[in-house]
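S.K.: Line by line, the protein sequences are chains C, W and X. Number 13 in our numbering belongs to position 13 of the first sequence; there are no gaps in the numbering. Number 182 in our numbering belongs to position 182 of the second sequence; there are no gaps in the numbering. Number 176 in our numbering belongs to position 176 of the third sequence; there are no gaps in the numbering.
It cannot be assumed that every hint is accurate.
[Claimed, not checked] The calculated PhoX-like cross-link candidates involving lysine-lysine, where the alpha carbons are at most 25 Å apart (straight line), are:
| no. | chain 1 | residue 1 | chain 2 | residue 2 |
| --- | --- | --- | --- | --- |
| 1 | C | K84 | X | K64 |
| 2 | X | K33 | X | K183 |
| 3 | C | K43 | W | K114 |
| 4 | W | K174 | W | K114 |
| 5 | C | K97 | W | K114 |
| 6 | X | K70 | C | K97 |
| 7 | X | K64 | C | K35 |
| 8 | C | K100 | X | K70 |
| 9 | X | K109 | X | K33 |
| 10 | W | K54 | C | K35 |
| 11 | C | K197 | C | K245 |
Everything labelled a hint here was simulated from the structure, so no lab data went into it. The model shown is predicted, which means the values in this text are computed figures rather than measured ones.
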Amino acid sequence: MQRSNTYIIIFSLVLTIILGGLLSLASVGLRPAQKIAEELSAKRQILSAVMEVDPNANVLPIFDERISSVVIDSEGNLIESDEKGNPVDAANVDLEKQFKLAPEERMFPVFMFHEEGDPENITAYIFAFYGNGLWDNIWGYVALETDMNTIAGAVFDHAGETPGLGARITEQQIEDRYKGKNIFNDQGELVSVDMLKSENNPPNALDEHNINGLSGATITAKGVNKMLENYFRYYLPYIEKIKGKDKKIARSLN
Amino acid sequence: MAETIEKKVVKKPSEPLLSKRRKKFVIDPLSDDNPITIQVLGICSALAVTTQLKPTLVMALSVTFVMIFSSLFISLLRNLIPTRVRIIVQLAIIASLVSLVNEVLHAYAFDVYKQLSVFVGLIITNCIVMGRLEAFAMGNKPYDSMLDAFGSAMGYSWIIIAVAFFRELLGSGKLFGFAVFDTIGWSTFPTNGLMVSPVGAFIILGLIIWVQRAKMGYVEQH
Amino acid sequence: MELINIGIKSIFIENMIFAYFLGMCSYLAVSKKVSTAFGLGLAVIFVLLFTVPVNWLLDEYVLKEGALAKWMPAALGDFTEINLSFLQFIMFIATIAAMVQLVEMVIEKFSPALYGSLGIFLPLIAVNCAILGSSLFMAQRDYSLAEATVFGFGSGIGWFLAIIAISAFREKLKYSNVPDGLKGLGITMLITGLMGIAFMSFMGISI
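All chains, full assembly: derive it from the sequences and hints.
M.R.: Now the structure itself:
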């Protein structure tokens with residue numbers, strides 16, 4: 001159908017306004033639900049480093065009851081507010097944005113898992129990690145027991161690793177391999193925990209600082225290793241501080 | 001989806017709701033005139049999400065939703081749309097519907113939303129949607145157009161679900177995330193890494209096309 | 001260095017066809033002859049080279065949360081909270097449609113022969129998933145303007161290489177004895193799969 005230019009312009013304008021209006025309505029209406037979905041997904045991930053989390057459960061009350069958090073810099077000092085003076089909340093730290101900064105300028109969130117309603121009685125420290133995988137970014141949370149040496153649990157996620165190969169880092173079975181491993185050697189030096197090259201290493205090749213790797217996804221595994229080692233280094237001053245505190249308490253008890 | 005169709009029924013005593021002619025709209029695209037295997041349309045965005053059944057199912061539902069409603073709107077507006085800008089009008093309506101799907105997934109199915117990432121947006125450029133709008137909805141009544149869209153969407157859905165079934169089963173030994181081979185006691189099942197890579201999708205789809213075309217005796221002329 | 005890396009990645013490793021299946025429709029439909037494939041490939045490179053940066057500007061200065069605050073005078077109000085990203089799909093596809101129209105006019109003017117042979121497939125570039133796909137990937141990955149341009153160009157070249165290669169295969173295929181059911185689409189899919197395996201060997205390369 002041939003129509004005049006005026007008709008075409010009016011038709012386009014009306015259509016644009018109607019569609020734009022409807023979309024804005026939908027977007028504004030759904031934004032709260034989207035925010036909640038994002039928050040839930042992030043908090044579920046943090047919690048799953050220390051406990052079994054039902055993927056459909058509402059974890060927000062558990063999170064509020066059992067997690068307290070701090071934000072630190074690479075020297076291990078607490079950060080209270082960002083450059084604009086707004087207070088920072090560990091749960092809102094955008095890890096990806098921080099990853100793009102130089103390590104000295106980054107903010108690092110640390111979550112403390114404690115007994116219900118008792119923030120003094122900490123059972124694990126959960127640290128956030130971020131790094132490069134094969135295709136895209138990978139990140140995760142690793143929990144340390146209060147000796148600041150033994151890994152209590154780990155959870156990883158990725159933006160675009162190969163499904164079935166590198167993407168397996170999100171599998172429970174692989175994350176569980178980290179449980180009970182130590183990040184410090186007997187001399188007290190930080191050595192982190194490495195994934196080895198193959199999946200079927202003989203048991204005597206494994207010690208407390210390494211685990212079986214991912215067959216077919218060596219580069220992703222290397223990315224995880226590098227991420228863990230880098231970030232444990234950034235957290236080291238803070239870890240030492242916590243350890244020091246414990247020693248002081250231990251000494252005062254003696 | 002069937003409920004939505006029934007709601008929009010235009011009362012027309014002369015022709016039954018699912019007359020022979022109308023049944024053809026739905027049945028044809030399932031095999032004889034399948035949009036993927038015969039018409040070679042809409043392969044683009046779909047295959048990338050077929051590594052697992054769950055996102056594939058969500059993708060199929062999203063495409064069905066977008067197709068049915070874009071066909072409805074275009075068909076309702078078919079006498080008002082100026083010919084010269086019809087492509088952009090179609091694109092605008094499809095893009096709005098897809099944005100809507102995207103927002104809803106973001107709010108209520110965040111896991112799948114993250115998995116599908118940009119591929120929801122790519123429904124916009126799925127040639128089947130545009131193709132049906134151009135070829136059918138622009139010249140037919142709303143109810144017929146919706147049936148036609150539903151048929152094509154189903155033809156598309158069963159193919160990608162079939163591809164996903166084989167890719168998830170052979171690639172990771174699972175169906176809907178449920179470890180099938182472990183359960184039946186065959187825990188040493190050798191999963192094929194190639195199946196989860198893009199290559200697997202091409203090969204599985206190539207084979208499905210072969211089987212289907214051989215069955216109906218369709219031969220492409222060069 | 002990062003730019004070269006992104007370039008190589010988008011051409012070989014994350015090839016639009018072999019890794020993301022984007023732009024399959026025209027890839028399958030227009031790959032029967034090398035000469036037409038060549039023309040379409042060039043058109044895709046051209047469109048990608050321009051749409052990705054243009055969409056980057058749109059995303060950065062209009063759509064993202066707080067994007068409007070970057071240039072709107074503060075006197076008009078506080079724009080830092082405004083997030084228009086729900087309009088992303090519509091805005092991107094509109095830019096693409098406009099750019100395609102432009103390319104169509106340019107080709108019609110300067111190369112009527114090419115225009116004739118590309119025929120109805122030129123408007124189809126607008127619905128070529130590779131174009132919209134690159135824009136969406138670019139937005140999702142937070143590239144800078146330079147990175148976005150390189151990414152768009154690289155994706156175009158990757159797509160160009162893929163369609164040239166497959167059309168060369170298909171020209172030769174005419175002389176081979178393919179089973180009836182596999183003729184055309186089926187065998188093309190299988191060959192694409194094999195080419196994908198070849199491209200997988202680029203995996204993990206970075207500079």
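S.K.: All hints, please: hold or fail.
M.R.: Going down the list of hints, with the structure as the test:
Simply put, C/K84 and X/K64 have alpha-carbon atoms about 20 Å apart, close enough for the 25 Å limit, and the pair holds. For a cut-off of 25 Å, the pair hint linking X/K33 to X/K183 stands: about 16 Å separates their Cα positions. A threshold of 25 Å between alpha carbons decides the hint, and for C/K43 with W/K114 the separation of about 15 Å falls inside it, so the pair holds. Annotation: proposed proximity of W/K174 to W/K114 holds, straight-line Cα distance about 20 Å (limit 25 Å).
For the hint pairing C/K97 with W/K114, the CA-to-CA distance comes to about 18 Å; that is within 25 Å, so the pair holds. The straight-line distance between the Cα atoms of X/K70 and C/K97 is roughly 19 Å, inside the 25 Å bound, and the hint therefore holds. For the given pair, X/K64 sits about 16 Å from C/K35 by alpha-carbon distance, which is consistent with the 25 Å threshold. A C-alpha spacing of about 21 Å is found between C/K100 and X/K70, which places the hinted pair at or below 25 Å, so the restraint holds.
In summary, the hint linking X/K109 to X/K33 is supported, as the alpha carbons are separated by about 23 Å, within the 25 Å threshold. The straight-line distance between the Cα atoms of W/K54 and C/K35 is roughly 23 Å, inside the 25 Å bound, and the hint therefore holds. About 38 Å separates the Cα atoms of C/K197 and C/K245, which puts this hinted pair outside 25 Å; it is violated.
Checked against the numbered hints listed earlier, the structure breaks hint 11 alone; every other hint is satisfied.
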